[in-house]
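Number of protein chains: 2
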Amino acid sequence: MRAAIEVAKANRTPFGAALSMGDEIFVTAANHTKELSDPTAHAEIMAIRKLAEHLKKTNLSGFTLYTTCEPCPMCMSAAIWAKVDAIFYGCTIPEISLFMDQIDMRAEDLNIKSFHRVTILDSVLKDECINLLNKFH
Amino acid sequence: MRAAIEVAKANRTPFGAALSMGDEIFVTAANHTKELSDPTAHAEIMAIRKLAEHLKKTNLSGFTLYTTCEPCPMCMSAAIWAKVDAIFYGCTIPEISLFMDQIDMRAEDLNIKSFHRVTILDSVLKDECINLLNKFH
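Residue numbers (this note's numbering), protein chains in the order written: chain U, 41 to 177; chain P, 41 to 177.
No wet-lab data here; the hints were simulated from the structure.
Just so you know, not all the hints are guaranteed correct.
Ranges of calculated distance between the beta carbons of each label pair, as one might list FRET restraints [unchecked claim]:
hint, chain 1, residue 1, chain 2, residue 2, range
1, U, Phe66, P, Asn174, 19 to 29 Å
2, U, His156, P, Asp167, 25 to 35 Å
3, U, Arg42, P, Asp167, 47 to 57 Å
The calculated lysine to any residue pairs, modelled on SDA-like cross-linking and capped at a C-alpha distance of 25 Å, are [said to hold, decoys possible]:
hint, chain 1, residue 1, chain 2, residue 2
4, U, Lys90, P, Lys96
5, P, Lys74, U, Asn151
6, U, Lys153, P, Phe128
7, U, Lys97, P, Ser77
In this text the structure is predicted, and so the values were computed from the model without any measurement.
Note that the Cβ used here is the ideal one computed from N, Cα and C, for glycine as well.
Using the sequences and the hints given, assemble the complete structure.
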């Protein structure tokens with residue numbers, strides 16, 4: 041999660057993500073929607089795309105996604121399609137909603153509807169992630 | 041929808057999408073997950089990214105998304121973030137589920153949870169879209 045927070049800070053956005061296997065961080069990415077004029081360029085999507093392209097496969101089984109903010113349903117679904125093992129996130133969608141518009145669908149609500157179940161852990165370094173929202177939103 | 045079906049056929053996939061405003065088709069795109077090693081490269085995401093990049097903005101208000109298959113929650117959320125006006129689709133997620141794994145979350149289930157409401161019309165040229173699933177899956 042430390043890597044996800046650092047890449048968010050470096051890009052002056054609340055949104056950072058990292059994908060790791062074991063102790064090794066393979067990729068990090070920040071939100072780039074405005075810079076790229078791409079409404080899909082959330083941090084998690086950018087990280088998944090970067091790693092899948094690097095590995096030349098769409099299946100990211102074995103990887104854990106760390107993200108400063110709970111994945112929106114776009115990013116959660118992308119993680120499901122990529123079959124990541126686990127997602128650790130900082131602040132929750134209701135908490136992010138205090139700062140900006142959100143789709144009110146929690147990651148777990150999608151997980152239970154899915155053909156592939158992801159292990160989800162919330163509130164990881166939450167205070168630091170909320171600080172990012174306060175600082176950069 | 042005719043353009044979405046044609047781009048799907050041309051790429052030998054059941055999944056095609058088009059974005060239009062009024063009578064003008066601005067972009068078409070097909071699923072390219074395997075070719076690009078990108079689990080997010082669904083037809084709708086590809087079309088949204090292509091148009092947003094072309095227009096140099098993330099807000100696609102005024103556009104209608106046509107897609108051969110009901111958007112999965114990743115694509116539906118991308119359409120919401122892009123603030124498209126409407127989505128017309130052919131076959132439904134329960135129908136696609138007969139051919140392949142799906143996340144069991146309907147587009148309307150996300151729409152009602154959203155800060156931006158999209159007009160949704162289903163079963164547009166449905167038989168032709170189901171033929172695509174039969175032929176290319």
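Structure-based check of each hint:
| no. | hint | verdict |
| --- | --- | --- |
| 1 | Phe66/U to Asn174/P: 19 to 29 Å | 38 Å, violated |
| 2 | His156/U to Asp167/P: 25 to 35 Å | 30 Å, holds |
| 3 | Arg42/U to Asp167/P: 47 to 57 Å | 53 Å, holds |
| 4 | Lys90/U to Lys96/P | 22 Å, holds |
| 5 | Lys74/P to Asn151/U | 23 Å, holds |
| 6 | Lys153/U to Phe128/P | 23 Å, holds |
| 7 | Lys97/U to Ser77/P | 5 Å, holds |
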